[in-house]
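Peer 1: Sequence:
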Amino acid sequence: MPLQSMTGFARREGSSGRYRWAWELRSVNGKGLDVRLRLPQGLERFEPDCRRLAPQYFSRGNLQIALSVSGGETAVEAVVNRGALDAVLKLREQLGDLIDPAPLKFDTLLSLRGIIDFREPEETESERAARDADIVKALEFSLADLMAMREDEGAALEKILLAQVERIEELTATVENDPSRSPSAIAARLAQQVALVMDNASSIDRERLHAEVALLATKADLREEIDRLRSHIAAARELLMKGGPVGRKLDFLAQEFNRESNTICSKSNAAAVSAAGIELKVVIDQFREQVQNLE
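Position 242, counted from 1, in the sequence shown is what the working numbering calls 242; the numbers after and before it change by one each time, with no gaps.
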């Protein structure tokens, strides 16, 4: 599965009969999937569709879904009130001897309130169902458009993250291969530190001396940190190649990267190792910042 960024935008417009609509979707970073809706009054019936479809495309991100609907030019139809018209004709017949027997003119009918009404044609149930189906279909297309944009950004992020992982690996190798980590260099440094301890103490317990030497040797050894860094590097590459919603796992690895770089900096007794450790921290911070954008 491709990686997805959590940021994106999509818009789809459509029409059905005399109605036009537009879906507008926006997505930003979020800890989980938070769907927020803005639907026109009277069209709240589309909320279940929005909440059902969104998780089929996304697992994380603050997703804003807005729908706008407008009516086009309205066709007007004339409706004759047959009951009222029959009553007027019947009254005219009853008063035939008292009023002008001339034929009833159309403009006269129009002037009589309630005989003829002009109104918009009512939407049938089947027409409404077809319009709703078109709107939901457009929502699906909008979600697919948004996913495509998030995947495009995810592909760009993947290149950046892989380059940062490669830089972390290079700096790890710099620490591992530094001359200060050779057995002879470590031994010389320990001897110097032990001599300093002996010079500043008139008498010292042998067991305490052994404990101090063991502590110094442990602090001088960066093997565990280097091995863990290499393990995290392999795991990060595997997740990036696997794709899909791996943002949380990569964020956890970024925290572990940072933990090991902090330990390297605290243990270091060599300028080159300290410099590499500091650069490690910078690259890891950049890595974690980019990971925050991933689903």
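Don't read these hints as lab results, they were simulated from the structure. Where hints are given, some of them may not hold.
With a cut-off of at most 30 Å between alpha-carbon atoms, the simulated DSSO-like pairs for lysine-lysine come out as follows [as the list claims (entries may be wrong)]:
| hint | residue 1 | residue 2 |
| --- | --- | --- |
| 1 | Lys105 | Lys31 |
| 2 | Lys159 | Lys31 |
| 3 | Lys242 | Lys159 |
| 4 | Lys267 | Lys137 |
| 5 | Lys159 | Lys249 |
| 6 | Lys137 | Lys105 |
| 7 | Lys242 | Lys90 |
| 8 | Lys90 | Lys105 |
| 9 | Lys267 | Lys31 |
| 10 | Lys249 | Lys281 |
| 11 | Lys242 | Lys267 |
| 12 | Lys159 | Lys137 |
| 13 | Lys31 | Lys249 |
Label-pair ranges, simulated between beta-carbon atoms [said to hold, decoys possible]:
| hint | residue 1 | residue 2 | range |
| --- | --- | --- | --- |
| 14 | Lys242 | Glu289 | 17 to 25 Å |
| 15 | Lys137 | Gln255 | 49 to 57 Å |
| 16 | Leu162 | Arg11 | 29 to 37 Å |
| 17 | Gly42 | Glu140 | 53 to 61 Å |
| 18 | Asp117 | Gly42 | 17 to 25 Å |
| 19 | Arg228 | Val136 | 27 to 35 Å |
| 20 | Arg248 | Ser68 | 48 to 56 Å |
| 21 | Glu93 | Ala129 | 20 to 28 Å |
Note that the Cβ used here is the ideal one computed from N, Cα and C, for glycine as well.
Peer 1: If a hint holds in the structure, say so; if it does not, say that too.
Peer 2: Now for the hints, and whether the structure bears them out:
1. Note on Lys105 and Lys31: the hinted pairing is violated, with a Cα-Cα distance of about 73 Å set against a maximum of 30 Å.
2. Taking the CA atoms of Lys159 and Lys31, the gap is about 23 Å. The hint holds against a cut of 30 Å.
3. Our distance criterion of 30 Å between C-alpha atoms is met by Lys242 and Lys159, whose separation comes to about 14 Å.
4. Among the hinted pairs, Lys267 with Lys137 is inconsistent with the structure: their alpha-carbon atoms are about 60 Å apart, more than 30 Å.
5. The suggested pairing of Lys159 with Lys249 holds, with an alpha-carbon distance near 18 Å, which does not exceed 30 Å.
6. Pair hint Lys137 plus Lys105 does not hold up; C-alpha atoms about 51 Å apart against a cutoff of 30 Å.
7. Using a Cα cut-off of 30 Å, the hinted pair Lys242 and Lys90 is violated, with the two alpha carbons roughly 84 Å apart.
8. Proposed proximity of Lys90 and Lys105 is supported: the alpha carbons are some 16 Å apart, at most 30 Å.
9. Between Lys267 and Lys31 the CA atoms are separated by roughly 35 Å; this puts the pair beyond 30 Å, and the hint is violated.
10. With a C-alpha separation of about 19 Å, the suggested pairing of Lys249 with Lys281 holds against the 30 Å cut-off.
11. A threshold of 30 Å between alpha carbons decides the hint, and for Lys242 with Lys267 the separation of about 35 Å lies outside it, so the pair is violated.
12. Using a Cα cut-off of 30 Å, the hinted pair Lys159 and Lys137 is violated, with the two alpha carbons roughly 34 Å apart.
13. Under the criterion of a C-alpha separation no larger than 30 Å, the hint pairing Lys31 with Lys249 is consistent with the structure, at around 12 Å.
14. At roughly 21 Å, the beta carbons of Lys242 and Glu289 sit within the given window of 17 to 25 Å.
15. The hinted range of 49 to 57 Å is not satisfied by Lys137 and Gln255, whose Cβ atoms lie roughly 43 Å apart.
16. Separation of Leu162 from Arg11 is about 32 Å and conforms to the stated range, judged on CB atoms against 29 to 37 Å.
17. In this structure the hint that Gly42 and Glu140 lie 53 to 61 Å apart at CB is violated, the actual value being about 22 Å.
18. Remark: the range hint 17 to 25 Å for Asp117 to Gly42 is upheld by a beta-carbon distance near 23 Å.
19. The given range of 27 to 35 Å is broken by Arg228 and Val136, whose C-beta atoms sit roughly 50 Å from each other.
20. In this structure, Arg248 and Ser68 break the distance hint of 48 to 56 Å, their C-beta atoms being roughly 34 Å apart.
21. Between Glu93 and Ala129 the beta carbon distance is about 46 Å. The supplied range of 20 to 28 Å is therefore violated.
The structure does not agree with the numbered hints 1, 4, 6, 7, 9, 11, 12, 15, 17, 19, 20 and 21 stated previously, though it agrees with the rest.
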